[in-house]
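Visitor: Protein sequences, first through last, are from chains U and H. The letter at position 129 of the first sequence is residue 297 when you use this note's numbering, and the numbering goes up by one with no holes. The letter at position 114 of the second sequence is residue 282 when you use this note's numbering, and the numbering goes up by one with no holes.
One thing to keep in mind: the hints can contain errors.
A pair holds if it fits inside one copy or across any two, identical chains being indistinguishable in the list.
Stated by the list, open to error - Subject to a maximum C-alpha distance of 20 Å in a straight line, what follows is the list of computed SDA-like cross-link-like pairs (lysine to any residue): (1) Lys252 to Asp225; (2) Lys252 to Asp174; (3) Lys252 to Leu184; (4) Lys230 to Ala179; (5) Lys252 to Ala178; (6) Lys230 to Gly185; (7) Lys252 to Pro222; (8) Lys252 to Ala203; (9) Lys230 to Ala196; (10) Lys252 to Leu214; (11) Lys252 to Arg263; (12) Lys230 to Gly271; (13) Lys252 to Thr175; (14) Lys230 to Asp248; (15) Lys252 to Ala172; (16) Lys252 to Gly220; (17) Lys230 to Ser190; (18) Lys252 to Leu187; (19) Lys252 to Leu239; (20) Lys230 to Asn255; (21) Lys252 to Ile262; (22) Lys252 to Glu218.
Derived by calculation from the structure, the hints in this document are not laboratory data.
Protein chains: 2
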Amino acid sequence: MSAAPDTARAAAVRRLGQLRASIDNIDAALVHMLAERFRCTQDVGLLKAEHGLPPADPAREKEQIARLRRLADEANLDPDFAEKFLNFIIREVIRHHEMIARGNGGRTVGAGIAEPAAAAAERHNEDQSGE
Amino acid sequence: MSAAPDTARAAAVRRLGQLRASIDNIDAALVHMLAERFRCTQDVGLLKAEHGLPPADPAREKEQIARLRRLADEANLDPDFAEKFLNFIIREVIRHHEMIARGNGGRTVGAGIAEPAAAAAERHNEDQSGE
Numbered sequence: 169m170s171a172a173p174d175t176a177r178a179a180a181v182r183r184l185g186q187l188r189a190s191i192d193n194i195d196a197a198l199v200h201m202l203a204e205r206f207r208c209t210q211d212v213g214l215l216k217a218e219h220g221l222p223p224a225d226p227a228r229e230k231e232q233i234a235r236l237r238r239l240a241d242e243a244n245l246d247p248d249f250a251e252k253f254l255n256f257i258i259r260e261v262i263r264h265h266e267m268i269a270r271g272n273g274g275r276t277v278g279a280g281i282a283e284p285a286a287a288a289a290e291r292h293n294e295d296q297s298g299e
Numbered sequence: 169m170s171a172a173p174d175t176a177r178a179a180a181v182r183r184l185g186q187l188r189a190s191i192d193n194i195d196a197a198l199v200h201m202l203a204e205r206f207r208c209t210q211d212v213g214l215l216k217a218e219h220g221l222p223p224a225d226p227a228r229e230k231e232q233i234a235r236l237r238r239l240a241d242e243a244n245l246d247p248d249f250a251e252k253f254l255n256f257i258i259r260e261v262i263r264h265h266e267m268i269a270r271g272n273g274g275r276t277v278g279a280g281i282a283e284p285a286a287a288a289a290e291r292h293n294e295d296q297s298g299e
């Protein structure tokens, strides 16, 4: 009789371990997805700078937000959180663009970017689209 | 001759479209990974509350941060950003736990959570582990 709560607690601890393993897997996936996303936005920043493409694209950004909110809704994730998340990422993209502009590429923002590209990126560092 | 810059620009615009398609795919993956992560942390919150498990686990959290920084480093993502990202998620997990505690589950935080679980979650709403 007295063993029952302990057994239930032991089962809960096991289940907690399983959930934590899932969370760890998901976090690893998130980190790698984010790394890949920043590779893409870095390319976008350089491409726009090199070819004189408009740094910001309000229509694209509006579409991105609407799409992300819709996807979140379908996945039962708070759409407001999804939008906050996108803004969080965009702030980091802007920080990367600013680092490129300062020629201080370093990690994830393209160490060894050619100077002309960095200078061009600087002219475009008002890009707040986050792509 | 004069067509060359236009051709280069057209190629750049095409490449921009490809990068944006990749970013959109990645964002969809991120939203779904986040939705799944919140399903897990919601289960963790309820499990801890129901079984009187300690809400916070500093050792686990320290390990999570160290692991995420290591994974980020390997993926050429700024480890400081990875840590900021984890903290961003943790703030949302805490918000969810607070919503559970208020019995205001709603979306992503388990509408229809049994009242005793919600009350137990309230007693544990100091859980800041974010799991």
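Visitor: Indicate, hint by hint, whether the structure satisfies it.
Guide: Status of the hints after comparison with the structure:
1. Only within a single protomer do Lys252 and Asp225 lie at most 20 Å apart by alpha-carbon distance; the minimum there is 19 Å, versus 27 Å between protomers.
2. In this homomeric assembly, Lys252 and Asp174 never come within 20 Å of each other (Cα to Cα): the closest approach is 42 Å inside a single copy and 38 Å across copies.
3. Proximity of Lys252 to Leu184 under the C-alpha cut-off of 20 Å is found in neither arrangement, the shortest distances being 28 Å within a copy and 24 Å between copies.
4. Taking identical chains as interchangeable, the C-alpha atoms of Lys230 and Ala179 are never at most 20 Å apart, the minima being 47 Å within one chain and 24 Å between chains.
5. Proximity of Lys252 to Ala178 under the C-alpha cut-off of 20 Å is found in neither arrangement, the shortest distances being 38 Å within a copy and 33 Å between copies.
6. For the homomeric pair Lys230 and Gly185, the shortest alpha-carbon distance between copies (16 Å) is at most 20 Å, but the shortest distance inside one copy (40 Å) is not.
7. Taking the shortest alpha-carbon separations for Lys252 and Pro222, neither the intra-copy value of 24 Å nor the inter-copy value of 30 Å comes in at or below 20 Å.
8. Within a single copy, Lys252 and Ala203 get their C-alpha atoms as close as 19 Å, and across copies as close as 14 Å, so both meet the 20 Å cut-off.
9. Proximity of Lys230 to Ala196 under the C-alpha cut-off of 20 Å is restricted to the inter-copy arrangement: shortest distance 16 Å between copies versus 29 Å within a copy.
10. In this homomeric assembly, Lys252 and Leu214 never come within 20 Å of each other (Cα to Cα): the closest approach is 26 Å inside a single copy and 25 Å across copies.
11. With identical chains, the CA atoms of Lys252 and Arg263 are at most 20 Å apart both within one copy (17 Å) and between copies (14 Å).
12. Taking identical chains as interchangeable, the C-alpha atoms of Lys230 and Gly271 are never at most 20 Å apart, the minima being 30 Å within one chain and 34 Å between chains.
13. For the homomeric pair Lys252 and Thr175, neither the shortest alpha-carbon distance inside one copy (41 Å) nor that between copies (38 Å) is at most 20 Å.
14. When the C-alpha separation of Lys230 and Asp248 is checked against a cutoff of 20 Å, the pair qualifies only within one copy, where the shortest distance is 14 Å, while the shortest distance between copies is 29 Å.
15. Taking the closest pair of Cα atoms, Lys252 and Ala172 never come within 20 Å of each other, the shortest separation being 44 Å inside a single copy and 42 Å across copies.
16. Taking CA atoms no more than 20 Å apart as the test, Lys252 paired with Gly220 passes in neither setting, with 29 Å inside one copy and 32 Å between copies.
17. In the homo-oligomer, the alpha carbons of Lys230 and Ser190 lie at most 20 Å apart only across protomers (17 Å), although the nearest pairing inside one protomer, at 33 Å, exceeds that limit.
18. For the identical chains of this complex, Lys252 and Leu187 are neighbours neither inside a copy (25 Å) nor across copies (22 Å), given an alpha-carbon limit of 20 Å.
19. When the C-alpha separation of Lys252 and Leu239 is checked against a cutoff of 20 Å, the pair qualifies only within one copy, where the shortest distance is 14 Å, while the shortest distance between copies is 24 Å.
20. In the homo-oligomer, the alpha carbons of Lys230 and Asn255 lie at most 20 Å apart inside one protomer (12 Å), although the nearest pairing across protomers, at 26 Å, exceeds that limit.
21. In the homo-oligomer, the alpha carbons of Lys252 and Ile262 lie at most 20 Å apart both inside one protomer (15 Å) and across protomers (15 Å), since each shortest distance falls under that limit.
22. Proximity of Lys252 and Glu218 under a CA criterion of 20 Å is satisfied in neither setting, with 30 Å inside one chain copy and 31 Å between copies.
Consistency note: the structure conflicts with the earlier hints numbered 2, 3, 4, 5, 7, 10, 12, 13, 15, 16, 18, 22.
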